[in-house]
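Kindly produce the complete structure, drawing on both the sequences and the hints.
Residue numbers (the working numbering): 1 to 446.
Treat the hints with care, as some may be off.
Unchecked claim - Within a straight-line C-alpha distance of at most 30 angstroms, the following computed DSSO-like cross-link-like pairs (lysine-lysine) qualify:
(1) Lys220 / Lys263
(2) Lys323 / Lys402
(3) Lys263 / Lys217
(4) Lys234 / Lys216
(5) Lys184 / Lys234
(6) Lys409 / Lys323
(7) Lys184 / Lys263
(8) Lys147 / Lys263
(9) Lys220 / Lys234
(10) Lys234 / Lys245
In case anyone wonders, no lab produced these hints; they're calculated from the structure.
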Amino acid sequence: MAFSRNLIFALLTMLCWILPVLADPLPLRPLVIGCDPDFPPYEFVTLSGEPAGLNVDLSRAIAEIMGVEIEFRYVPWNEARSQLAAGRLDILEGVANRGESSTEFDFAPPHSQIYQALWVRNDSRYQALGDLSGQQVLVVRDGEMQKYLALRPELHIESVAVDSLEDALRLLAIGRYSAAIGAKLPGEYLLGRLQVEGLRPIARPLMAEDYGFAVKKGNKEMLALVTEGLALLKQSGQYQRIYNKWLGPLPAPEGISRSRIIKLGGMILGPLLLAMALVLLWSWTLRRQVRRRTADLKLEVGERERAMRELEQHQQQLIQADKMTSLGVLVSGVAHEINNPNALLLLNLPQLQRAWVDIAPLLDERFKEQGDFSVGRLPYSLMRSEIPDMLGEMQASAGRIKRIVVDLKDFARRDDGPLSTRVDLNRVAAGRKSPQKCDRPLSPPA
Numbered sequence: 001m002a003f004s005r006n007l008i009f010a011l012l013t014m015l016c017w018i019l020p021v022l023a024d025p026l027p028l029r030p031l032v033i034g035c036d037p038d039f040p041p042y043e044f045v046t047l048s049g050e051p052a053g054l055n056v057d058l059s060r061a062i063a064e065i066m067g068v069e070i071e072f073r074y075v076p077w078n079e080a081r082s083q084l085a086a087g088r089l090d091i092l093e094g095v096a097n098r099g100e101s102s103t104e105f106d107f108a109p110p111h112s113q114i115y116q117a118l119w120v121r122n123d124s125r126y127q128a129l130g131d132l133s134g135q136q137v138l139v140v141r142d143g144e145m146q147k148y149l150a151l152r153p154e155l156h157i158e159s160v161a162v163d164s165l166e167d168a169l170r171l172l173a174i175g176r177y178s179a180a181i182g183a184k185l186p187g188e189y190l191l192g193r194l195q196v197e198g199l200r201p202i203a204r205p206l207m208a209e210d211y212g213f214a215v216k217k218g219n220k221e222m223l224a225l226v227t228e229g230l231a232l233l234k235q236s237g238q239y240q241r242i243y244n245k246w247l248g249p250l251p252a253p254e255g256i257s258r259s260r261i262i263k264l265g266g267m268i269l270g271p272l273l274l275a276m277a278l279v280l281l282w283s284w285t286l287r288r289q290v291r292r293r294t295a296d297l298k299l300e301v302g303e304r305e306r307a308m309r310e311l312e313q314h315q316q317q318l319i320q321a322d323k324m325t326s327l328g329v330l331v332s333g334v335a336h337e338i339n340n341p342n343a344l345l346l347l348n349l350p351q352l353q354r355a356w357v358d359i360a361p362l363l364d365e366r367f368k369e370q371g372d373f374s375v376g377r378l379p380y381s382l383m384r385s386e387i388p389d390m391l392g393e394m395q396a397s398a399g400r401i402k403r404i405v406v407d408l409k410d411f412a413r414r415d416d417g418p419l420s421t422r423v424d425l426n427r428v429a430a431g432r433k434s435p436q437k438c439d440r441p442l443s444p445p446a
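Here you go:
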């Protein structure tokens, strides 16, 4: 009996040491993180096939600080839910959460916010979601906005699901549907990359959602790992650096090392100094030969040299006169070409100023009723005072152009009028060195 009790006690002791190891919930394999391949700047695939974006950098930093290995797997959003539920994914790195409870996910503390916007064509009359009653609107399949429209039957909007925001913007651009709903910042990135024109987001976002990591419902250990990793990143300042890289101000450029400056300076200045030395040597040799030849010519043809200098002087005067004539013709033509479009500016700008005076009260009324809105991609509250100043500056600049054109025409105009100075030819003929003005009109000879 004593032997049996000792054996049982030994087995229990071994179990106390082994069970914590067996009960470790984190797998020994790399953690598989699901992400969207086409959702810049949060997560996307570069041209070289590498994952990049805010979410990707945060995932790598969490893995490093928590001492785990990770593997990225790009899957469409409509497949990500099923793969997470089936255990083929451990973490989803980009999930929006409006603060509602979920039966599928447990959410880590959000690391940023994402704004959903209504996308329309530039010529569209739709300004709000309520204007789309009876219309078809594109949404991302199984996304939050598809659920949102399903919970709002009073809007009478038919949602058309597509696989990605890129697909939604493409279909909207070719005029297949009335509008699309999707994240504002990724949409702006996609428009630039796709070079799609004619689309714009409504200025005021539809809603703001918390955005961050999510794990399978009930996976507390994985949630704790992500939550602790985020907290450590924020405490160390690494989170802010990653955030600024993708969503914040551009980082300052790194300085160039002194050795690299010296090396680059040598590569540039070395050939330049050599070329300058060769030019100076050639110039000195040439000047020496010219001086020697000039001295010989002075001894042989002194008179001819003086005649050549006079001829050269006359030639220079003729060339200068010809240049001035050509310049006058050129200036006259340029002034005429500038004056024509500037006349249109002087004619149209007062009309635009009067139009602004009539339009401004209507825009002010809309501002009071609906709040701020975009005018030329800038807030109306800023443009309200800027537009009159810009029109005034344009009017003043056009007037300045007109004055410059008048001065150019005066410069180019030839003065072929008669001489206004009377000259006493008798005094000139008598040997006066310089003509003088007559005090009275000269009488004709008898």
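**Request:** Would you pick out the hints that fail for this structure and give their numbers low to high?
**Result:** Violated hints (numbers, rising): 1, 3, 7, 8; every other hint is consistent with the structure.
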